[in-house]
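Chemist: With chain A's structure known, arrange chain B on it following the hints.
2 protein chains.
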Amino acid sequence: MQTYLECVPCFLRQALDASRMVTDDVEVHERVVRDTLGLVEKMPFDHSPPAMGQKIHQMLREASGNPDPYSEVKASSNSFALELYPSLKQRVNAAEDRFATAVLLAIAGNIIDFGCKTRIEDDEVHQAVESALAPGEVKSNNGQIDVLREAIERSESILYLADNAGEIVFDRLLLEEMPIDRTTMVVRGSPVINDATLEDAERAGLTSVIKVIDNGSDVPGTILETCSESFKEKFRQSDLIIAKGQGNYETLNSEAGNIFFLLKVKCPVIARDIGCEVGRALVCRNQLVDW
Amino acid sequence: MQTYLECVPCFLRQALDASRMVTDDVEVHERVVRDTLGLVEKMPFDHSPPAMGQKIHQMLREASGNPDPYSEVKASSNSFALELYPSLKQRVNAAEDRFATAVLLAIAGNIIDFGCKTRIEDDEVHQAVESALAPGEVKSNNGQIDVLREAIERSESILYLADNAGEIVFDRLLLEEMPIDRTTMVVRGSPVINDATLEDAERAGLTSVIKVIDNGSDVPGTILETCSESFKEKFRQSDLIIAKGQGNYETLNSEAGNIFFLLKVKCPVIARDIGCEVGRALVCRNQLVDW
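Protein sequence lines correspond, in order, to chains A and B.
Using the numbering used here, you'd call the opening residue of the first sequence number 115 and step up by one each time.
Using the numbering used here, you'd call the opening residue of the second sequence number 115 and step up by one each time.
This is chain A alone, in the form it adopts within the complex:
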């Protein structure tokens, strides 16, 4: 997805919010905001918004001297999600359609996104779970969930591109309904915002459930040119890509491949790009389905 002019004020708001979250040093806040202004001024708007997210958070790590400013936030999200896991698993066990329920719960977990907000209340997560499981939501995504179900059944090799810490515990519910031996989970190569890394996947217990690799990149999304050769090869060779979250939608929607996006739509620009309303728990495919 291209960067729209509406993304510009949002980049600045994100840079300010994130710098305030990461440090109390007002000089760092001003430096990050000013540097972001300079970067966005020269940014090619055919690049996707996470390309700017990468740069803003690189600056923030450098200016604050903290290589993983969201470390505590991520640990806390993982703990919270792990507490929820048993009750969520019961919801899957009790469901008429286990797979559809697990898909919608995995999407609900995508509410834990510190790229959009600097604070996520526990109640918001609970609400996301309940609204994702409401009968209307199940029905509205039903067609695409069935297409995804069939794609999984037909695929020999599946990549599951994770998004955020905490959310990965919700992903586990879905991975447990999938052919886990044919599936690899992918996390970011190094810390950016609250996106899950290998360390977060280990802490959340995912590495004992499924094979987890990293993509070698610090983009809050998946820009292939920034990823490791081994990841890119795996990406091209996979029969099916399941990509979580807005960042992966923004960066992969125009890529070739058999890609399904599972996301909670939190931003009006992305909602308009997709053609849906903000707040939707959505299953959708990339523009270039034929490859």
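Calculated from the structure, these hints are not laboratory results.
Any given hint could be a false lead.
To be verified - Pairwise CB distance ranges, derived in the manner of DEER restraints: (1) A:Asp236 to B:Val392: 26 to 32 Å; (2) A:Ser185 to B:Arg350: 55 to 61 Å; (3) B:Arg205 to A:Asp236: 44 to 50 Å; (4) B:Glu316 to A:Thr232: 47 to 53 Å; (5) B:Glu186 to A:Lys231: 35 to 41 Å; (6) A:Val392 to B:Asp260: 45 to 51 Å; (7) B:Arg205 to A:Ser193: 58 to 64 Å; (8) A:Ser190 to B:Arg263: 54 to 60 Å; (9) B:Glu176 to A:Ser178: 36 to 42 Å; (10) B:Glu290 to A:Arg233: 46 to 52 Å; (11) A:Asp236 to B:Arg350: 54 to 60 Å; (12) A:Arg134 to B:Arg134: 28 to 34 Å; (13) A:Val140 to B:Met135: 31 to 37 Å.
Said to hold, decoys possible - A short list of chain B residues far from chain A (calculated; beta carbon distances all over 12 Å): (14) Lys203; (15) Ala248; (16) Glu291; (17) Ile294; (18) Arg386.
From the three backbone atoms N, C-alpha and C, an ideal C-beta is built for every residue, glycine too.
Modeler: Frame of chain A; chain B shown alone:
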């Protein structure tokens, strides 16, 4: 008032909103947004926000080739306010305290501000009138309204710094409760956003009621260094300044003088600077009351 870091994303939003309002040319939108990024990057943040507003709207007029892009908006606001005038005058005539009622109606008119929004619905103006006249509002400003009333009685020469087209018709209600022969109304020197100019004051019939001069500046506020010598002299010689709107508060709050601000607080940064809630219809004084 200084520029706060929260103003930065808002400058970009305003630049984009205003450019879309002024022209359909997407190249102009992008150019104005990019140029604003460059200007804000280098802006000294001890300058007030309207200093940036001036530059953004200068760029916009240049890029669009339109010296008065809000001309129609201003004419329409004036017409709408002139239609309301007779019923508002009745409210003043029926009021127990004519002056206080006129003050609060003048503040209600400050809702007609296209610096904060690109669209003002008629209903918002009606609501601003009703909420300004609610008993709570009258009471909450009562002390300051009485101080203003006494200041007017004591003053030989009064400057009334207007803000927006349309709003100036609401100002007329207050000016008619004041010693009009000792009062001069001041408008902007040339078009910026929907701020009132001499032409707007003429169209709204103000020039037949009171002496109206312009300040020689295109700042959406009153930055004295940008104003004409004759205005500055008048400003320094006046016993009392009544300044309407956020832009005048932002630019004059740290100036010396006997200044009263009458404004509808529409921005959270200004609300925090003043120490009140967004939405308030407020009478307040400058920081440097002794001069």
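Chemist: Just double-check B:Ile294 for me: nearest Cβ-Cβ distance to chain A has to come out over 12 Å.
Modeler: Answer for B:Ile294: holds, closest chain A Cβ roughly 43 Å.
Chemist: Assuming the hint says 54 to 60 Å, is it satisfied by the Cβ distance from A:Ser190 to B:Arg263 or not?
Modeler: Holds, at about 56 Å.
Chemist: At the C-beta level, are B:Arg205 and A:Ser193 separated by a distance inside 58 to 64 Å?
Modeler: holds (59 Å)
Chemist: Would you check whether the claim that B:Lys203 is not at the interface survives, using Cβ distances to chain A and the 12 Å cut-off?
Modeler: holds (41 Å)
Chemist: For B:Glu316 and A:Thr232, compare the CB-CB distance with the range 47 to 53 Å and indicate the outcome.
Modeler: About 49 Å separates the Cβ atoms of B:Glu316 and A:Thr232, which means 47 to 53 Å holds.
Chemist: Starting from the hint 45 to 51 Å, judge whether the C-beta atoms of A:Val392 and B:Asp260 obey it.
Modeler: This hint holds: roughly 47 Å between Cβ atoms.
Chemist: Using the C-beta atoms of A:Arg134 and B:Arg134, is the stated range 28 to 34 Å upheld?
Modeler: holds (29 Å)
Chemist: Using the Cβ atoms, figure out if B:Glu290 sits within 46 to 52 Å of A:Arg233.
Modeler: holds (50 Å)
Chemist: Using the beta carbons of A:Ser185 and B:Arg350, state whether their distance is inside 55 to 61 Å or not.
Modeler: holds (57 Å)
Chemist: For the hint 54 to 60 Å, verify it against the beta carbon of A:Asp236 and that of B:Arg350.
Modeler: holds (58 Å)
Chemist: Grab the minimum beta-carbon distance between B:Ala248 and chain A and tell me whether it stays above 12 Å.
Modeler: holds (33 Å)
Chemist: State, for the Cβ atoms of A:Asp236 and B:Val392, whether the hinted interval 26 to 32 Å holds or is violated.
Modeler: holds (28 Å)
The structure meets every hint from the earlier list without exception.
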